[in-house]
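> Here are the chains, one letter per residue:
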Amino acid sequence: AAFAGGADDDTLILNDEIEMVTKTAAPDHLSDAMDEIISGWHFRSDETQQLQTDDFENQGMIFADYGAEAWDTVEGSEDKSCASCHGDAAESMVGVAATYPKWNDGAEEVRTLQMQVNDCRTTRMGAEPWKYDSGDAINMEAFVTSHSRGMPVNVAIDGPAEATWLDGKDIYYTRYGQLELACASCHEQNYGNYIRADHLSQGQINGFPTYRLKNAKLNGVHSRFKGCIRDTRAHTFSPGSPEFVALELYVKSRGNGLSVEGPSVRN
Amino acid sequence: MRLTAITAALSLTAGAALAEGVAPDDVSYSDYGEVTVSLSGQPGDATRGREIFANKSQGNCVSCHAVTELADVPFHGEVGPILDGVGSYRTAEELRGIVANAKMTFEGTVMPAFYKTSGFIRPGDGYTGKAAPDDLAPILSAQEIEDVVAFLMTLQDS
Numbered sequence: 001a002a003f004a005g006g007a008d009d010d011t012l013i014l015n016d017e018i019e020m021v022t023k024t025a026a027p028d029h030l031s032d033a034m035d036e037i038i039s040g041w042h043f044r045s046d047e048t049q050q051l052q053t054d055d056f057e058n059q060g061m062i063f064a065d066y067g068a069e070a071w072d073t074v075e076g077s078e079d080k081s082c083a084s085c086h087g088d089a090a091e092s093m094v095g096v097a098a099t100y101p102k103w104n105d106g107a108e109e110v111r112t113l114q115m116q117v118n119d120c121r122t123t124r125m126g127a128e129p130w131k132y133d134s135g136d137a138i139n140m141e142a143f144v145t146s147h148s149r150g151m152p153v154n155v156a157i158d159g160p161a162e163a164t165w166l167d168g169k170d171i172y173y174t175r176y177g178q179l180e181l182a183c184a185s186c187h188e189q190n191y192g193n194y195i196r197a198d199h200l201s202q203g204q205i206n207g208f209p210t211y212r213l214k215n216a217k218l219n220g221v222h223s224r225f226k227g228c229i230r231d232t233r234a235h236t237f238s239p240g241s242p243e244f245v246a247l248e249l250y251v252k253s254r255g256n257g258l259s260v261e262g263p264s265v266r267n
Numbered sequence: 001m002r003l004t005a006i007t008a009a010l011s012l013t014a015g016a017a018l019a020e021g022v023a024p025d026d027v028s029y030s031d032y033g034e035v036t037v038s039l040s041g042q043p044g045d046a047t048r049g050r051e052i053f054a055n056k057s058q059g060n061c062v063s064c065h066a067v068t069e070l071a072d073v074p075f076h077g078e079v080g081p082i083l084d085g086v087g088s089y090r091t092a093e094e095l096r097g098i099v100a101n102a103k104m105t106f107e108g109t110v111m112p113a114f115y116k117t118s119g120f121i122r123p124g125d126g127y128t129g130k131a132a133p134d135d136l137a138p139i140l141s142a143q144e145i146e147d148v149v150a151f152l153m154t155l156q157d158s
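Just so you know, the sequences run in chain order A and B.
Going by the numbering used here, the first residue of the first sequence is number 1, and it counts up by one from there.
Going by the numbering used here, the first residue of the second sequence is number 1, and it counts up by one from there.
Read the hints as simulated data drawn from the structure, not as lab findings.
Check the hints yourself; a few may be wrong.
[As the list claims (entries may be wrong)] Pairs of lysine to aspartate or glutamate, EDC-like flavour, derived with a Cα cap of 16 angstroms: (1) B:Lys56 x A:Asp231; (2) A:Lys226 x B:Asp125; (3) B:Lys130 x A:Asp231; (4) A:Lys23 x A:Asp35.
[What the hints assert, rightly or not] Taking beta-carbon pairs under 8 angstroms as the criterion, some of the chain B residues facing chain A (in silico): (5) Ser63; (6) Val79; (7) Ile121; (8) Tyr127; (9) Ile139.
Each residue gets a CB set at the ideal place from its N, CA and C atoms; glycine is no exception.
Next up, chain A with everything else stripped away, as it sits in the complex:
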């Protein structure tokens, strides 16, 4: 019964300027599972969609502005701010979010954007790390991500990142909890269908962080994963856990080719 509700055919143009790629051919690694990848934007109501077309209406941008303030704020024992090293984010951060999570050679691990920011905070600024998916961390993620809007998601899944990517893929297809549902049960097999009042999307993360009308704040990828797993009556993983880092890399790679939209607006 897939496609009973389906994705709509609207076009997302940001600030009358940037036309977003919200539907495109699935990346090669997904071609067995689906032909087309679709942004979660297409599954929301016209009213919710509208809020994301203009930075003055997108309440997620208010939080990105808090991130901008933090960018210039000196913190920690080294008397540095992000700007001390990275200058103007509108130049240095362009395209960065599109490639995260990403393998870090020095640390020999796949890092999410939040992990990278915390590494800069602790090792370079001498500041405390931010709690995973906390307000400060999400605001900064939204600010950094906003400088990639309109650019295609492009995470690397081969080379040293491959093992983590495979772990994430495994988690994506595992049927967790007493309801025995995998991410794929809802977001691959049933996108376009209604599950009670919710219109199931492909569960893409090109729009994260997302401002949700439901809780009136910015929401992180791992918090969303946690909520979805909890809804299968499962014992969840925690934000920042290796499982969610791997899952983030895998899910992000399913959106390779869609435009980065974060911060986006969802219900």
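Add chain B to chain A, keeping to what the hints say.
This is chain B only, laid out in the frame that chain A set:
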């Protein structure tokens, strides 16, 4: 007088069966996934079954299935088939098996098993996100399964 005595004896037997019932791990499914005996040893109550079907914290069947007869309940899902008339083309034994553990009838289905307590990956304690207790209860009790089956049997072709 004699008649009352017989009825009393009968309900005693039923009571004994209820006390035993069939535990989730002991349910026996046919090759086609049917379950022939009542899980609680009691008949189901269709009115209660209708509530369980629609109730978010119980069966919540309506989140995946639309049913015309439940027009008063908002937001019917589309993940599973529409169940209008299912009581005409399915037997009670088939329906009991499908509600207890649909995977015995439809291999690999996304429909959850409502009378099952073992074999899960990272089972949780309801919707808390925490780990399940050792004595995990099935999502629906034996009697609730019977009630839902009784409700489904009322969904006849018009």
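> Just to be careful: measuring from the Cβ of B:Val79 to every Cβ in chain A, is the smallest value less than 8 angstroms?
OK, holds: B:Val79 within 8 angstroms of chain A, min 5 angstroms.
> Holds or violated: are the alpha carbons of B:Lys56 and A:Asp231 at most 16 angstroms from each other?
Holds: B:Lys56 and A:Asp231 sit about 12 angstroms apart, inside 16 angstroms.
> Given B:Ile139 as an interface hint, is the shortest Cβ-Cβ distance to chain A below 8 angstroms?
At 6 angstroms from the nearest chain A Cβ, B:Ile139 passes the 8 angstroms test, so the hint holds.
> Are the Cα atoms of B:Lys130 and A:Asp231 separated by 16 angstroms or less?
Holds, at roughly 11 angstroms.
> Would you settle whether the hint for B:Tyr127 is holds or violated, based on the nearest Cβ-Cβ distance to chain A being less than 8 angstroms?
Result: holds, 6 angstroms to nearest chain A Cβ.
> Is the Cα-Cα distance between A:Lys226 and B:Asp125 16 angstroms or less?
holds (14 angstroms)
> Holds or violated: A:Lys23 with A:Asp35, Cα cutoff 16 angstroms?
The hint holds at about 10 angstroms.
> Taking 8 angstroms as the limit, does the beta-carbon of B:Ser63 come near enough to a beta-carbon in chain A?
Holds, about 4 angstroms.
> Was the hint right that B:Ile121 lines chain A, CB cutoff 8 angstroms?
holds (5 angstroms)
Of the hints listed earlier, there is not a single one the structure fails to meet.
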